Amino acid sequence: MVDGQEHRTCGRCGTEIALRLASCPACGWLVHSDELRRLAQEAEAASQAGDLSSSLTAWREAVALLPPASKQAATISAKIQALSRQVDAGAEQSTHENPTKKRPSWAQGGGILVTVGLLAWKLKAVLAFVLTKGKVLFLGLTKSSTLFSMLLSAGVYWTLWGWKFAVGIVLAIYVHEMGHVVALRRFGIPATAPMFIPGLGAMVRLKQYPANPTEDARIGLAGPIWGVGSVVGAYLIYLATGWASLAAIARFSAWINLFNLLPFWQLDGGRGFRALGQRQRWFVVAAFGVMWFVTKEGLLALLLLVGGVRTLFGKAPEAEDSTTLWQFVGLIVVL
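Residues 716 to 1050 in my numbering are what the sequence shown lists, from first letter to last.
Be aware that one or more of the hints could be misleading.
[Claimed, not checked] Mimicking BS3-like on lysine-lysine, the simulated pairs with C-alpha atoms at most 25 Å apart in a straight line are: (1) Lys-786 with Lys-922; (2) Lys-922 with Lys-858; (3) Lys-879 with Lys-794; (4) Lys-1011 with Lys-1030.
[As the list claims (entries may be wrong)] Here are the simulated distance ranges between beta carbons: (5) Gln-756 with Gly-957: 52 to 62 Å; (6) Leu-862 with Phe-1008: 36 to 46 Å; (7) Ala-797 with Ile-912: 31 to 41 Å; (8) Val-882 with Thr-790: 23 to 33 Å; (9) Pro-913 with Arg-966: 15 to 25 Å; (10) Thr-790 with Leu-951: 44 to 54 Å; (11) Lys-1011 with Arg-753: 51 to 61 Å; (12) Trp-876 with Ala-793: 44 to 54 Å; (13) Val-882 with Lys-922: 24 to 34 Å.
Simulated from the structure, these hints should not be mistaken for lab results. Remember, predicted model here, so these are calculated numbers, not experimental data. We put the CB at the ideal spot given by N, CA and C, even for glycine.
Build out the structure end to end from the sequences listed, making use of the hints.
What follows is the structure, encoded as structure tokens:
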């Protein structure tokens, strides 16, 4: 309602417009024209400054203010798709532009060992990011909903397994969720802060859908990739100190992140699977099978079954995404 009314007046022809409408049904005047103009200027300025993530954020805000079937919405959606591809290719472009940051020689080959190596190489970059800009990990803690739900979850787990295990698991889940948050911010997608649900982990609610399957896969797999950092960190500290609780935290955290790779529904693995072609999906299924045979981990049998069913009966895109493939397989092997 505006000033107690259920309608607004068209600024061009004077027609009364229902508040739910984004344009005048009589003359097509855009209700949010001034805001759209401001967002467009903001997006263009950010692009010219090389800040593609901020540009994406502005364009996503703009498209939400437009009638979905309008030409303007189609034009801006195309801009979002193009910018999303640029953001996703940013790391590779910077590697090509800077000859001092070339991929190591082992990255020129193929096979599972290379996927593991590539994942480790990426994790090295993630670790460097955390060490230099670790403040991003504290972003969620500034939100009362995140902090209070974390404390509630920790309290529930404390009653079940003791405070050491409870604190470790909650922090591991938090790192996983912040991986999603950082990826969402990179692609300019508005979302809530992490919300913890005792017994079910945590979640981040997206306020807009990803622009394409590749973007969705990057956001989905970012959680387990960051999660590997907490798993490895806990295990390394266990090796240095011998604290058994840290070994248990590392083991359970690895299990949680591996479970999230289940290629089903809105789980991280399901989102990653959407970007994989048919051949690539079979490769992931094979990785599930091989690691189940090697480790005898029962969870991998479930992943193998669901992945096989999804590959046999699900519809795969024609386009293939090699980055999603090696991230997916590398996570399976490491976890």
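Do the hints match the structure? See the list:
1. Of the pairs offered as hints, the one joining Lys-786 and Lys-922 holds, with about 22 Å between alpha carbons and a cut-off of 25 Å not exceeded.
2. With a C-alpha separation of about 17 Å, the suggested pairing of Lys-922 with Lys-858 holds against the 25 Å cut-off.
3. At roughly 48 Å between alpha-carbon atoms, Lys-879 and Lys-794 are farther apart than 25 Å, so this suggested pair is violated.
4. Taking the CA atoms of Lys-1011 and Lys-1030, the gap is near 30 Å; set against the 25 Å cutoff, the hint is violated.
5. Judged by the Cβ atoms, the range 52 to 62 Å given for Gln-756 and Gly-957 holds: they are separated by roughly 59 Å.
6. The given range of 36 to 46 Å is respected by Leu-862 and Phe-1008, whose C-beta atoms sit roughly 43 Å from each other.
7. The hinted window of 31 to 41 Å between Ala-797 and Ile-912 holds, with their beta carbons roughly 36 Å apart.
8. Checked against the hint of 23 to 33 Å, the C-beta distance between Val-882 and Thr-790 comes to roughly 49 Å, which is inconsistent with it.
9. Taken as a hint, the range 15 to 25 Å holds for the pair Pro-913 and Arg-966, whose Cβ atoms sit roughly 20 Å apart.
10. In this structure the supplied range 44 to 54 Å holds for Thr-790 paired with Leu-951, their Cβ-Cβ distance being about 50 Å.
11. Hint check: Lys-1011 to Arg-753, Cβ distance near 59 Å, so the stated range 51 to 61 Å holds.
12. About 51 Å separates the C-beta atoms of Trp-876 and Ala-793, a value consistent with the hinted range of 44 to 54 Å.
13. Evaluation of the 24 to 34 Å hint for Val-882 and Lys-922 yields a pass: the beta carbon distance comes to about 30 Å.
Hints 3, 4, 8, counting from the list given before, are not met by this structure.
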